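Undergrad: Residues per chain are reported as follows:
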Amino acid sequence: MRLPSFMQHLSVLERSRLVTSKKRGRVRTYEIAPARFKVVEDWLADRRRLWEARLDRFDDYLTQLKEQESRS
Amino acid sequence: MSTSFAIDPKLDLVLERFIDVPRRLVWEALTKPEHLKEWYMPKPWGRVAACELDVRPGGIFSITIATADGQEFPNLGCFLDVVPMERLVWTSMLFPGYRPAVFDDIPITAIVTMETVGTGTRYIFTALHRDAADCEKNKATGFHQGTEIAVDQFVAHVKAMKS
Chain B
703 MRLPSFMQHL
713 SVLERSRLVT
723 SKKRGRVRTY
733 EIAPARFKVV
743 EDWLADRRRL
753 WEARLDRFDD
763 YLTQLKEQES
773 RS
Chain W
723 MSTSFAIDPK
733 LDLVLERFID
743 VPRRLVWEAL
753 TKPEHLKEWY
763 MPKPWGRVAA
773 CELDVRPGGI
783 FSITIATADG
793 QEFPNLGCFL
803 DVVPMERLVW
813 TSMLFPGYRP
823 AVFDDIPITA
833 IVTMETVGTG
843 TRYIFTALHR
853 DAADCEKNKA
863 TGFHQGTEIA
873 VDQFVAHVKA
883 MKS
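These protein sequence lines map, in sequence, to chains B and W. The opening position of the first sequence corresponds to residue 703 in this note's numbering, with each subsequent residue numbered one higher. The opening position of the second sequence corresponds to residue 723 in this note's numbering, with each subsequent residue numbered one higher.
In isolation and in its complexed conformation, chain W is listed as follows (with noise of 0.2 Å):
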């Protein structure tokens, strides 16, 4: 697979951070579904249900999310690139194995790249998204009054935390 892909300002989003810890444990924590679990969901929203992980090209990725209340939402994709400790690449746009997906939500090819500078790692995730129809699409599934609970669950939290 190529390494280069062209950024859309518009449609994609690019967050560049670095953090004082060895790339190792960067790939480690993004790749095993033990350590998955324990940040990929905000604990007032809900928790990681279920998370299959096989980091290969054509490799299985799933995260299924269960809300407060019960409610399970899968989230199944495949790995296209994987280069360990360097690039990681997945998409909701193919099942694993390739296979062409079925899905309601929003697709995403999500990338990862890392690299080492001095004790910690630069790491960079890029989300491409398809188009402004799916924006649209997204708003009217509630997408955006989702947020909005998440968000106030989370002021509760932290005003519970403090007094």
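Just chain B, same shape as in the assembly (with noise of 0.2 Å):
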């Protein structure tokens, strides 16, 4: 990767403030944010209880389907 496409890849990240950036005289240090991580992975975590759950009641109703034909 070349640096301006580089640079454009972490301004991106910064803008989502995934990382924050300090410049120091020509120097531009960037540094991960992790409390911004956590939302995405608390986000993702509640994602994943609604499908667990979802899929949960899908098992419970395709068992329910079988019993219903095997009896039929």
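For the record, the hints were derived by calculation from the structure and aren't laboratory data. Remember, it's a predicted structure, so these values are computed and weren't measured experimentally. Quick reminder that beta carbons are idealized off the backbone N, C-alpha and C, glycines included. Heads up, a few of these hints could be off.
What the hints assert, rightly or not - One-sided and incomplete, this derived list gives chain B residues near chain W with beta-carbon spacing under 8 Å:
(1) 726
(2) 729
(3) 746
(4) 749
(5) 754
(6) 759
(7) 760
(8) 761
(9) 765
(10) 773
Unchecked claim - Just the calculated beta-carbon pair ranges, DEER-fashion:
(11) B:751 - W:853: 19 to 29 Å
(12) W:737 - B:725: 38 to 48 Å
(13) W:754 - B:724: 55 to 65 Å
(14) B:752 - W:742: 19 to 29 Å
(15) B:717 - W:742: 47 to 57 Å
(16) B:773 - W:740: 41 to 51 Å
(17) W:771 - B:751: 37 to 47 Å
(18) B:734 - W:769: 36 to 46 Å
(19) B:771 - W:790: 31 to 41 Å
(20) W:835 - B:716: 29 to 39 Å
What the hints assert, rightly or not - Computed list of lysine-lysine pairs in DSS-like fashion (alpha-carbon distance at most 25 Å, straight line):
(21) W:765 - W:754
(22) B:768 - W:759
(23) B:768 - W:765
(24) B:740 - W:759
Using the hints, put the two standalone chains together into the complex.
TA: Encoded structure:
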């Protein structure tokens, strides 16, 4: 990756506040912003719970369907 | 459509399950509205008020959820890939007929694959999400609060069943 596109990537990350940067003289230092990653993890954990519960109901329902079929 | 896609563990969900039920039934319960209505929503939370599934590429994917207080939330999307009893792919990024979507929710692409294992079915549910900015927006719109309320209701319901 060339420097300009690398900078572009970093700028996207910074706009999403996943990294922060500080400029000292000619050097810009980037740091990961852990709090922001936590938001993503929490959100994903919620989605996981939602779908796990949904698939639990799906499986229960399938078991019912199978029982109904074997009875008829 | 290519069968390969990249999973980003920071953004995506992959749930793999085995159930001792023939693949034909798994496919039916997933793709027929009369079945989907029975499992899609937790009963204490609400219900599926309307559901239309035209299971072919470009076909409508529409599930309208009604919460207990009567509010309705439409979920509209389109099927991308349909291989009966093998693979089902849909997205909310596109409206039916592949028309670019207008939405205020977090778009997902969902991929379900299934295979026969012995007398049962192994299926994998995958949800692809867009980016971290979406997650933040979702949090701001009260998704978290909604989920917490649902869990509370669920717990209350289970307690009521036991007593």
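Undergrad: Look at each hint and say if it fits the structure.
TA: Evaluation of the provided hints:
no.	hint	in the structure
1	726	27 Å, violated
2	729	26 Å, violated
3	746	7 Å, holds
4	749	6 Å, holds
5	754	7 Å, holds
6	759	4 Å, holds
7	760	5 Å, holds
8	761	5 Å, holds
9	765	7 Å, holds
10	773	14 Å, violated
11	B:751 - W:853: 19 to 29 Å	21 Å, holds
12	W:737 - B:725: 38 to 48 Å	44 Å, holds
13	W:754 - B:724: 55 to 65 Å	57 Å, holds
14	B:752 - W:742: 19 to 29 Å	25 Å, holds
15	B:717 - W:742: 47 to 57 Å	49 Å, holds
16	B:773 - W:740: 41 to 51 Å	23 Å, violated
17	W:771 - B:751: 37 to 47 Å	23 Å, violated
18	B:734 - W:769: 36 to 46 Å	43 Å, holds
19	B:771 - W:790: 31 to 41 Å	32 Å, holds
20	W:835 - B:716: 29 to 39 Å	37 Å, holds
21	W:765 - W:754	19 Å, holds
22	B:768 - W:759	17 Å, holds
23	B:768 - W:765	21 Å, holds
24	B:740 - W:759	34 Å, violated
Of the numbered hints listed earlier, those contradicted by the structure are 1, 2, 10, 16, 17, 24.
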